[in-house]
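One-letter residues, chain by chain:
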Amino acid sequence: MSKKILILSQSYLESTTDQVCQWMDYLKIPYRRLNGEDFFRFQQLSDLPDNTETAVVWYRRKIAHFPAEFSLKQPDINSQYTLKRFLVDEFNGLHSFLFHSIDAQKWLNDPLSEKNLNKLQVLQLARRLNIHTPFTEVVTTKAKIMALLEQYPALIVKPLSECILLEDTERRAYKMLTSTIDQKSLSAVPETFFPSLVQERIVKKFEIRTFYLDGACYSMAIFSQNNRKTTDDFRNYDNHRPNRTVPYKLPAELEHKLDQLMKILRFRTGSIDLMVDMQGNYHFLEINPEGQFGMVSHPCNYYLEKKFARLLHQSVLHEKEIHQQPENKENAAPATVFSEAE
Amino acid sequence: MEYLNIYANCQLVKGANMSLLCDLQMRRFYHLPNDTAEVLLFLQQYSIDECIAHYGEDNREAITGYVDFFVSRELGFIDDRILPELTAMELTWDRFADITNVVIEYQETIDYSGPFFRELLDQHLEGLEIRFYQPVALPELRELLALFSDSTLRHIKLVLHYEKSLNKATLDELVKKHQRVKSLLLHSSPEEKLEKIFSNSVPVYHFTGEINSCMACGEIRANHFTVNTELFTESLRFNSCLNRKLSIDQQGYIKNCPSMRENYGHVADTSLQAVLDNKTFSRYNHIRKDDIAVCKDCEFRHVCTDCRAYIENPQDIYSKPLKCGYNPYTNNWEEWAQHPMKQAAIGWYGMAEIIK
Ligand code: SF4
Ligand code: SF4
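Here the protein sequences line up with chains R and E, keeping their order.
Using UniProt numbering, read the first sequence as starting at 1 and increasing by one per residue.
Using UniProt numbering, read the second sequence as starting at 1 and increasing by one per residue.
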């Protein structure tokens, strides 16, 4: 049996995986897509994909929702939550077995490095590579914040882990976002608090989202400045005046350093967030190894889904040590309309 | 020094007299005189002051007026240089299917679940248009739509014959069940109106005219113009109606479009692969707007769709779509059906009855 591309994803709400798979169908690249939901149909451990049949793994998503129900004799919010958590842990116990059973070098991104990724460590690594990062500190007192505000006109607070989504009793969702602390908002800060990550606030000209794909950087500039509502974080979408998103090319030197950073972390793909200040300086913010690349690919017309399919294919060919060119269905760009008008 | 940076997804298309600035992201266009377009091109390389020096002090007000306009519409921004890192957008187009769009002229005697259709649905189709020239019973329609439930087809457009029973509630229920249905057109309707169903997300166009044959197709109207990266890039390189399109007419014949004469076999005994392997099948794919007479000088050429079935000179495959009344040399829209130059072609297609 020939070795396969394995894609770990979920069965719905996953247009990125869908599109990569559709490209692979079209380019006649064989693959196996395993959705988290499929684990509920396995009979035994040996139904899981194994190391010998697998040439390369792309781990995109785990699962959308468990196709499992439970009920409590006495409904109680706390136990509900504990039970949900328990099921998640149970599922992860099975799912992450793959991280160990399939050789680490076959994964596009080292799964354990991805799982244990730490924001502070990434910032530290970046600084070591001379990539500029905003001043970052973890603080617990208002006094310290006041001292920092002597040096920086404003700070932002953001989670050390990931932003979460909260739901109220009416099922309205609230998304956690980055917020600003300055002299004006200082009064709302308690004397002492849970250890919190603060960063100097960069007055940005625009933000950059880079999708890193096996050594190449595909970047997009995000202009949200005109938009008061999104000054802090472009994820707080304003549907009426969407941010302007356009292709961008980072300086070669910065691309080179980002490449080194991704290699140290053993990631062959992922998205990188940067910011450009009013003077044009770059500030590195963070890495999302599982990055959603549709949001960079489509606005910039990068066809990353197709490039991703090619990368997976090359990885299998490399594994088989066959060096033949895949069928070429490329359609090169004609001259741009701009040049035509000249 | 101040420079105007225009965003890469705002593309300028020059026509004979006028230009179109296409904001591909916000899906809007701005119709500009070519003089303004010239200034805009100049500003891609020089500062605003240099531009004023070049065109003369007399034009200061006009130039700063243009700059203010572009900035206020968020088509660009002012900086102390032209940012070279804001690179041009690559204008490639590609899709993961040899067929992206399908048109079916519905006929109850055709079996739409046969091997040809299964092969077709294995393609990752983008859009399917199903035209019903006659009224259709709801259970029949539901049965047909169910055939696409398990496919990767993205959207369906239904062209239906109006009937009282096709009220808002019924259509709403239908669309809820078959969420690929993204738009509906009801012809032979008692009134012209636009309704929205399925929480306002799916438009239902009511049209009083009758659509009883393929001859109704191919109208070019300003309100059909579409500004987006997909159409823009596809039309730079390919035909903006027939590229990767396949149709099945009322008799079950496989065609590029129902209005074309030539066919590539019958669905009952042809394989899709055989059609794709037939070189003549793709003969229209590469006819670009830039190759078509008149259209090549029209500023709308990359937001407009094409028509190759009905053209001004049926003997010249590169002639302008018959059903377009726009003249890019005078920038006027005229009624195409009345145009003296078009009467010969109208007669040739046997269309006179239909358009009167
Ligand atoms: S070629 Fe003309 S008639 Fe045929 S589908 Fe296109 S627009 Fe309609
Ligand atoms: S002249 Fe051609 S491109 Fe212009 S509107 Fe008419 S059909 Fe479209």
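Hints listed in this document are in silico derivations from the structure and should not be mistaken for laboratory results.
For every residue, glycine included, the Cβ atom is placed at its ideal position computed from N, Cα and C.
One thing to keep in mind: the hints can contain errors.
[What the hints assert, rightly or not] Chain R side only, calculated, beta carbon under 8 angstroms to chain E, not exhaustive:
1) Q22
2) Y26
3) I29
4) P30
5) Y31
6) G215
7) C217
8) R244
9) T245
10) K249
11) C300
12) K307
13) S315
[What the hints assert, rightly or not] Okay, derived cross-link-like pairs now, SDA-like style, lysine to any residue, Cα gap no bigger than 20 angstroms in a straight line:
14) R:K205 / E:S271
15) R:K28 / E:S271
16) R:K249 / E:N5
17) R:K28 / E:N5
Would you check whether Q22 of chain R satisfies its interface hint, that is, whether its CB is within less than 8 angstroms of any CB in chain E? Check passed: Cβ of Q22 of chain R comes within 4 angstroms of chain E, closer than 8 angstroms.
Are K28 of chain R and N5 of chain E close enough, with their CA atoms no more than 20 angstroms apart? Violated: K28 of chain R and N5 of chain E sit about 42 angstroms apart, past 20 angstroms.
Closest C-beta approach of K249 of chain R to chain E relative to 8 angstroms, hint status: Holds, because the Cβ-Cβ distance from K249 of chain R to chain E comes to roughly 5 angstroms (cut-off 8 angstroms).
Proposed interface contact between K307 of chain R and chain E, which counts if any beta carbon pair is under 8 angstroms: Hint violated; K307 of chain R Cβ to chain E Cβ min 11 angstroms, cut 8 angstroms.
Under the criterion that the straight-line Cα-Cα distance not exceed 20 angstroms, is the pair K205 of chain R, S271 of chain E satisfied? Distance ~56 angstroms between K205 of chain R and S271 of chain E Cα, so the pair is violated.
Satisfaction of the R244 of chain R interface hint, Cβ to chain E closer than 8 angstroms: 6 angstroms, holds
Given I29 of chain R as an interface hint, is its Cβ closer than 8 angstroms to any Cβ of chain E? With a closest approach of 11 angstroms, the I29 of chain R hint is violated.
Interface hint status, Y26 of chain R versus chain E (Cβ within 8 angstroms): 4 angstroms, holds
Tell me if the interface restraint on S315 of chain R is satisfied: Cβ within less than 8 angstroms of some Cβ in chain E. The hint is violated - S315 of chain R has no Cβ within 8 angstroms of chain E, the shortest such distance being about 19 angstroms.
Please verify that hint: G215 of chain R, Cβ, nearest Cβ of chain E, below 8 angstroms or not. 18 angstroms, violated
Holds or violated: is the Cβ of T245 of chain R closer than 8 angstroms to a Cβ in chain E? Where the cut-off is 8 angstroms and the nearest Cβ of chain E is about 7 angstroms from T245 of chain R, the hint holds.
Does the closest beta carbon of chain E sit nearer than 8 angstroms to the beta carbon of C300 of chain R? This hint holds: C300 of chain R lies near chain E, its Cβ roughly 7 angstroms from the closest one there, short of 8 angstroms.
Consistency note: the structure conflicts with the earlier hints numbered 3, 4, 5, 6, 7, 12, 13, 14, 17.
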